[in-house]
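Peer 1: Please work from the sequences and hints to get the whole structure.
Going down the list, the protein sequences come from chains X and Y. Reminder that position 163 of the first sequence reads as 165 in the numbering used here, one-by-one numbering, no gaps. Reminder that position 175 of the second sequence reads as 377 in the numbering used here, one-by-one numbering, no gaps.
It is possible that some hints are incorrect.
[To be verified] Which bits of chain Y does chain X cover? Going by a derived footprint, with three or more residues having C-beta under 8 Å, they are:
id: 1; segment: 458 to 468
id: 2; segment: 503 to 509
id: 3; segment: 531 to 539
id: 4; segment: 546 to 552
id: 5; segment: 588 to 595
[What the hints assert, rightly or not] Have a look at the derived ranges for each label pair, beta carbon to beta carbon:
id: 6; chain 1: X; residue 1: D118; chain 2: Y; residue 2: V290; range: 19 to 29 Å
id: 7; chain 1: X; residue 1: R124; chain 2: Y; residue 2: Y432; range: 17 to 27 Å
id: 8; chain 1: Y; residue 1: K371; chain 2: X; residue 2: D118; range: 30 to 40 Å
Hint data in this document are derived by calculation from the structure and do not stem from the laboratory. Ideal placement from N, C-alpha and C gives every residue a C-beta, glycine not left out.
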Amino acid sequence: MDLVLQAVVNGLVSGALLAVPAIGFTAMFAVLRFPNFSVSGVATLGAFAGYVAYAAGLQIVGSLSVAFVVAGTVGLFLDRVAHLPLVKQGALPAAIASIASGLVLENVVRLGFGNDMRGFDRPIARDVRFGDIRINPQQTETMGVALAIMLLVFAALAFTRVGKAMRASADNPELAALKGIRPERVAMMASFVGMGLVGVGGMLLGLDSSIDPLTGARILLSIFAAAVLGGLGSAPGAVLGAFLIGVAEELSVLVVGSPYRSAVGFFAILIVLSLRPRGLLGERAF
Amino acid sequence: MMNARIGRRATLLGGVAAVAAPAVLRAETDPIRIATLTPLTGAGGAYGPAMAKVAAAVVEEVNKSGGVLGRKVVLVSEDDQTNPDAGVRAARKLIDVDKVAAILGTWASSVTTAVAPLCWENKTFLCTVSGADTITQLPHQGYLVRTQPNTVLQITRTGGFLVGLGARKIFTLVPQTPFAKSSIEIMEGVARKAGGSHAGLIYDDKKTTYRTEVDQALRFAPDAILCAGYTPDTIVLLKDLYRAGYKGKIIGQAYAINRKLIEQVGQNEVVEGVYTYAPSVAEGSNALERVKKMSGLASPDPYTSQVYDHVNMVLMAMAAAKAFNGTAIRDNIRKVTQGGGKPVDNAIDGLKAIAAAEKVDYTGASGPCDFDDKGDILDCKFRYEQIKAGKPVLVKIA
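Peer 2: Structure follows, in structure tokens:
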């Protein structure tokens, strides 16, 4: 029983880290209307940008900001140049183009940093025990940062003009345009913030383990599954989906063993798409 | 008229003779062709260049002392890029164009698995340093030997080492690989035989955290854990074992728990006391001294030492057969490497003895080089090290 409880705790930790890029992914889908798979490359880029900043002496929050800005800028550039021109032909061509640009980014990082694993130079601390349950102080810290970022995003969506404009645009682009919201600007904002969050997510996951050019590719399926599970386009749905996927992945290790862990993501997508295509929370942007 | 006709015939005959004679002569002095196919680039790129260099040095030495039964040896070197596709392309060229009798030194198991069928179908002999059990189980008809211990030998000896340290409850953590299941089964056998117990699990090497796997392992309350993965996943695993407060013994492959891993973990107490194991070179042997000189390396790696042995064995096998093709090597390699006779550790001494009709028994830089029928080595020494203050310290070679 305590093994199950421990797995749930572990799942909540990885779910919190997964939630940040999942929000970014789903927010971009809500506004731009295509699944942007270049998040794999952007997450890697964010992780490496944060790594360089951290190595240069910035603290965690400073490094996360660098990761956000670099990932957001590159993500926005890719959307403008490669993805959005194709959206007019439908979501599929844009999605395929985004897979390609993700691969390009991954290999650009590989060109610059090589294939080696790199770790953030943080002291590794022993776990704190609560009865039979272990929690690591650093992971609690990383999880706290992730939760703070989520709160910030939700506050921005709820209370700022930009957030409201994004939600309006996601809800009904024509109506939003009639109200004077410039769809062009909202789309750029969604690209920048969404990709920025993905980059931050890449760095958060890197803080917890280590980074290499495949960091983003490894979490792509989990991010996508979390977003689909919660309802593509719904930010709270992405958070719920991320926690569920995180916990399910850890629990699956106890039941079927860890080589089948990635099946959890596929299985979740399969079930949701066949039973409730709108996802758990539907498609509301907030 | 008549004269002219005879003259023409004579010319024709003479011409035929002139063309044919060198061919007969050539057949006797044709050089012997062999090749190295080592990873000069890619994941094995740290090892391949030294391997090729040592092979070339052995060939040069043999040529200087008169070749093999008077024939010159030509060595061709190709790069397998640590990639099965590139390996197959290079092997095709070596077999079809260069017409080599033997290919030496394939490193990655995936490359060896891809190249081996080409070799046995074309009756080209293959010497490899790859470790996966499945390689010698291929239907290679005898055209393959390997100097690297297989999984059975590696895990049996590592388990024996742990038992010797007093471990009775052993847990094996191994990524999903061709050797995953057999590693767990073999370690289980070793632990039971020592009156202990064992459990294990196979993990996904792409995870960013192994907290749940570590929890599962620690529930078993092991006094020793075998981490049989590669560097990237072992980094995460060791960190998580440390976080979880595990204080028992840990052992892993020296190719995974290496300098890069220690650097990456960045905190010495996480890896403090961790043991590593690796097939050992024949420390203190004359053959290893020769490898040191030829490679310019102060402590040659096992693969460079093994390729030195490959070249020596193959050349002596052909001399013993008085024939210079893959089948001759297949039928004679065990006659020069095992079963008693004059002990030799290099081809020059061996070739002299063979020319004098003596039986030789080769022992090389990587060990005794005795093979079973499948092509696996029967025995080899292992090198055990322990990390202390961020540096590997030799525990023993056994």
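Peer 1: A separate judgement is required for each hint: does it hold in the structure or not?
Peer 2: Outcome of the hint check:
With 4 residues having a beta carbon nearer than 8 Å to a beta carbon of chain X, the segment 458 to 468 of chain Y meets the requirement of three or more and the stated coverage holds. Here's how the segment 503 to 509 of chain Y fares: 0 of its residues keep a CB closer than 8 Å to some CB of chain X, so the rule of at least three is not met and the hint is violated. With a threshold of 8 Å between beta carbons, the proposed coverage of the segment 531 to 539 of chain Y by chain X is violated, since 0 of its residues qualify and at least three are required. Chain X is given as covering the segment 546 to 552 of chain Y, and this is violated because 0 residues of the stretch bring a CB closer than 8 Å to a CB of that chain, at least three being needed.
Counting residues of the segment 588 to 595 of chain Y whose CB falls under 8 Å from any CB of chain X gives 0; the rule of at least 3 is not met. A C-beta distance of roughly 27 Å is found between X:D118 and Y:V290, which places it inside the suggested range of 19 to 29 Å. For X:R124 and Y:Y432, the hinted distance range of 17 to 27 Å is satisfied, since their beta carbons lie about 23 Å from each other. About 35 Å separates the C-beta atoms of Y:K371 and X:D118, a value consistent with the hinted range of 30 to 40 Å.
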